[in-house]
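Undergrad: The lines below spell out each chain.
2 protein chains.
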Amino acid sequence: MTQPEPQSMSESAAPAAVIEAELREALLDVQRQLHQEKPCSVALIIVGMPAAGRSEVVNKLLEWLDPKHVMVHAREPDCLAQLHPPLWRYWNTLPARGEMAIYFLGWYDDYLRSQLLTAKQARVRAPRMVERIGQLETMLLADGVRILKLYLQVDRKQQRRRLADLLASKATRWRVTDEDRWLARHYNRVRRVMKECVRLTHSESSPWHVIDAADSQQRVVAAGALLLEQMQAGLQRRSVTAQRYDWPTESPSLPVKSAPDLPPLSDEAYHKELERLQGRLALLVRKRRFAKRAAVFAFEGMDASGKGGAIRRITAALDARQYDVVPVSAPTPEELAHPYLWRFWRRIPPRGHIAIFDRSWYGRVLVERVRDLTPEADWQRAYAEIREFELQLAEAGTVVQKFWLAVGKDEQLTRLQQRANDPLKGYKVDPEDWANRRFYDAYQLAAADMIERTHTPCAPWIVVEADDKRHARLEVLRAVVAAIERGLEGKIVVAGEQATEPG
Amino acid sequence: MTQPEPQSMSESAAPAAVIEAELREALLDVQRQLHQEKPCSVALIIVGMPAAGRSEVVNKLLEWLDPKHVMVHAREPDCLAQLHPPLWRYWNTLPARGEMAIYFLGWYDDYLRSQLLTAKQARVRAPRMVERIGQLETMLLADGVRILKLYLQVDRKQQRRRLADLLASKATRWRVTDEDRWLARHYNRVRRVMKECVRLTHSESSPWHVIDAADSQQRVVAAGALLLEQMQAGLQRRSVTAQRYDWPTESPSLPVKSAPDLPPLSDEAYHKELERLQGRLALLVRKRRFAKRAAVFAFEGMDASGKGGAIRRITAALDARQYDVVPVSAPTPEELAHPYLWRFWRRIPPRGHIAIFDRSWYGRVLVERVRDLTPEADWQRAYAEIREFELQLAEAGTVVQKFWLAVGKDEQLTRLQQRANDPLKGYKVDPEDWANRRFYDAYQLAAADMIERTHTPCAPWIVVEADDKRHARLEVLRAVVAAIERGLEGKIVVAGEQATEPG
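Residue numbers (this note's numbering), protein chains in the order written: chain H, 752 to 1254; chain G, 752 to 1254.
By construction, these hints were calculated from the structure, which means they are not laboratory data.
All values reported here derive from a predicted model rather than from experimental measurement.
Each hint should be verified, as a subset may be incorrect.
All copies of an identical chain are treated as equivalent in the list; a pair is satisfied when it fits inside any one copy or across any two copies.
[What the hints assert, rightly or not] Calculated pairs, DSSO-like style, for lysine-lysine (alpha carbon to alpha carbon, straight line, at most 27 Å):
| id | residue 1 | residue 2 |
| --- | --- | --- |
| 1 | K1220 | K946 |
| 2 | K908 | K1220 |
| 3 | K1038 | K1220 |
| 4 | K1160 | K1220 |
| 5 | K1176 | K1043 |
| 6 | K1023 | K921 |
| 7 | K811 | K921 |
| 8 | K871 | K1160 |
| 9 | K1220 | K921 |
| 10 | K1179 | K1220 |
| 11 | K1176 | K819 |
| 12 | K819 | K871 |
| 13 | K1038 | K921 |
| 14 | K1023 | K811 |
| 15 | K819 | K1160 |
| 16 | K811 | K1220 |
| 17 | K811 | K1176 |
Put together the whole structure using the sequences plus the hints.
TA: Put into structure tokens, the structure is as follows:
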């Protein structure tokens, strides 16, 4: 695949003041429309050599735009970000539709830092970091985030001259930081790394724009013009990349883990095994090594398949300080205004903690697919997006284990009827549940596809036969214990390797 | 003032199973109503001796209620919380109207921990901690948060027996943590501290409920009954505590800091002084000592008083990684569903950082008062609430400086007309601005009251004569520099002392 060349924006014809005034007016106008119609959000990433004037460009843009709808993100990762996967902090700051975010370096920060500053052996992760960036941008674009990537370029001579000018006067010397000095001293290396970064992450759908930063007025006009172009494009109805997927008509039946016809457990046998497994789990998560790990357990299954009961048997073994249960239902308006994984990224656990999702991001390929809530092109791409999401969790040392609780159609009916007749559980049954039952077979098909396409070494599925609640709960606990044991032994597939689907 | 005795809830008459079933049904019902009507939110705080069964009670309540609308908060302060004032993390987790939050210890955590574990000299802060708790609860109650405080009580014998039972079997031994053992060994001390805490923070409007935790069924029924009571009370229209305040009819005129009739500055003189002050500011915030401080600058003033321009002259001297500008406009629906200070607490800076608010929490006593958007009782109590808020920032080492940019009525008219005719600034003028002009005098009165009542040593106001933009900007910069200098010298009024209003 040949990649297009990064576009260069150095020349400009009409008198600068006229262009600038027109540009400002157009920017304000289109920003107001974007905010009213909310077709998309805008993420501007700005990268460049020291003294190329990144701050000046951003400050000017803020002066031109209505700053109420622009957030600037320039912070280095804080202590909490360091307890999460690298991209977590960007997910947390993604703008809602109609809003704009400006990032200094943004999700290129880790890559550039590692290439510039860290030892050679750390750089072997570079290909994976580049892949991660690519996956993120592809997903954001598909989810209605317009991404504009600007690279401000100055040559060595200009940079030196500008730094010397600043340093010459006591009144401006403070503008030059120690980091600037270091980067300027290593001009060639910095330039090589940045060029390489631009080359590797430039694509037709997410291009870099190189701006000649020699002239302080021209560079901001160039940046403003590109921003205007992005925003105008965003106002057009986004064309769904109607990438047809070869959709199988017949799916394999669900692989069921536990033997379907085990004899029922006695009270005593059940409670004894339950206590044993809970004790084991409690000890595991208190191990000092777990402080460097985290765990995510996701529960999916038809209504009344016993997700809540299984989850309570896990939490009974945990210290309330260590876990969160995250019940997932239909997204709120705020959540709908963001890429769909946004609300899940916000709830993933920091190191040493556990998050249990009662339903999860798989709603995208279950209910949203079956009930036709999301266009096919969007849920089709979700399989790859979810694999990438879970891989990033695993790379950060998080144990990921997913459960499909398989309840038979008859057993489900019995349970729903019991619930509906029980004043204490009636609230759990709403008309939607009965409606969903009519889609029982469609759900089975969707679940089979989901498992086939997202069952990965670093985030495996377990299908639990759930008609017998006791066996199901013990099965879940055993899998939770086993997953954490694997995690503590470091047997997670991590960094640098793409997870492969099981054969 | 005599305080009522904490209520004891040990006895119960009807057969337990019947009570429990009725209770569960009623809880679900009232929870659903609360979620639909959203008259208030509920915060449940649970405190108790080890082995009193706090986790069991919370788990049962979660099983009884619809867990989708309950969040449990049990974490110890994370690294980010440690960079903020102590109550920040509770503000971040406050439930929206219609939702519920359960806190293990909650905002009593710091107090109890300091009393139990830290050295004697650290305990001198106890009175201030108790006051902080009281202020918080008063404010939350007034803002539509129902607070239920439960204290689970076991006597020493019961506690010992229960711990011994748990420890006897390998299957249950894991339930007893090292902390439990330590607390159990120091039964008398723990009990004394907890009793003292309950005594000090018990009031008619925010009472503690002591639950005899000897019986595992009775304690959860007691907790559930109290919760039901709170939720039912919440469903009633909350009675505004119509505490009339002695409102002055005549207000003092605004104290104006800079001399009103300075000669205009030449370009050269202005830029020279600007560079000097910006350089000084840049050096100050890069000092290593500033990493243990933070700064909050709040800008208020009529439309077109020059807030944005003054703010840009500050940020020009700062590294983008170190500051946030927070533009404040009308609250969103999500913000309206929380206590009004919630949205500001979420944006206060961690240590080493600066937040600049373009309009602020003072909207409560300015626009909301003048335009009659908030009942008088609510904005009247805001003066004290804001003093407390700012005191907490100062106690955590944050420099707080507030600016009122005073623009004359004629000058304001000139500027608004200029803006309206300028296509690049027209967006800044909306019909509201013209409407607000009709309230010019009311704003002046509100501003004078605001300054008189919230000008404190730890968070002073400066009134800047803003008809001359250049003088105003320099004046602001000088005050910013002075405030940070004071902060670095440790001359902030902190912990343990109630800020007094200037005479």
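Undergrad: Taking 27 Å as the upper bound on the Cα-Cα distance, should K1176 and K819 be classified as within, between, both, or neither?
TA: between (46 Å within a copy, 14 Å between copies)
Undergrad: With 27 Å as the alpha-carbon cut-off, assign the pair K1023 and K921 to within, between, both or neither.
TA: Between copies, since 11 Å is at most 27 Å while 76 Å is not.
Undergrad: At most 27 Å between alpha carbons: which applies to K1176 and K1043, within, between, both or neither?
TA: neither (39 Å within a copy, 52 Å between copies)
Undergrad: Using 27 Å as the alpha carbon limit, work out where K1220 and K946 are close: within a copy, between copies, both or neither.
TA: Neither. Shortest intra-copy (58 Å) and inter-copy (44 Å) distances fail the 27 Å Cα cut-off.
Undergrad: What label fits K819 with K1160 when the C-alpha limit is 27 Å: within, between, both, or neither?
TA: Between copies, since 26 Å is at most 27 Å while 52 Å is not.
Undergrad: Regarding K871 and K1160, is the shortest C-alpha distance of 27 Å or less found within a copy, between copies, in both, or in neither?
TA: neither (57 Å within a copy, 65 Å between copies)
Undergrad: Within, between, both or neither: how does the pair K1023, K811 come out at a Cα-Cα threshold of 27 Å?
TA: between (68 Å within a copy, 21 Å between copies)
Undergrad: At most 27 Å between C-alpha atoms: does K1160 with K1220 qualify within a copy, between copies, both, or neither?
TA: Classified as within; 15 Å inside a copy, 74 Å across copies.
Undergrad: At 27 Å max between alpha carbons, let me know whether K1220 reaches K921 within a copy, between copies, both or neither.
TA: between (75 Å within a copy, 25 Å between copies)
Undergrad: With 27 Å as the alpha-carbon cut-off, assign the pair K1038 and K1220 to within, between, both or neither.
TA: neither (30 Å within a copy, 62 Å between copies)
Undergrad: 27 Å Cα cut-off: does K811 pair with K921 within a copy, between copies, both or neither?
TA: within (24 Å within a copy, 67 Å between copies)
Undergrad: Is it within, between, both, or neither for K811 and K1220, if the alpha carbons may be no more than 27 Å apart?
TA: Cα proximity of K811 and K1220: across copies only (19 Å, versus 62 Å in one copy).
In the structure shown, a violation is registered for the earlier hints numbered 1, 2, 3, 5, 8, 12, in ascending order.
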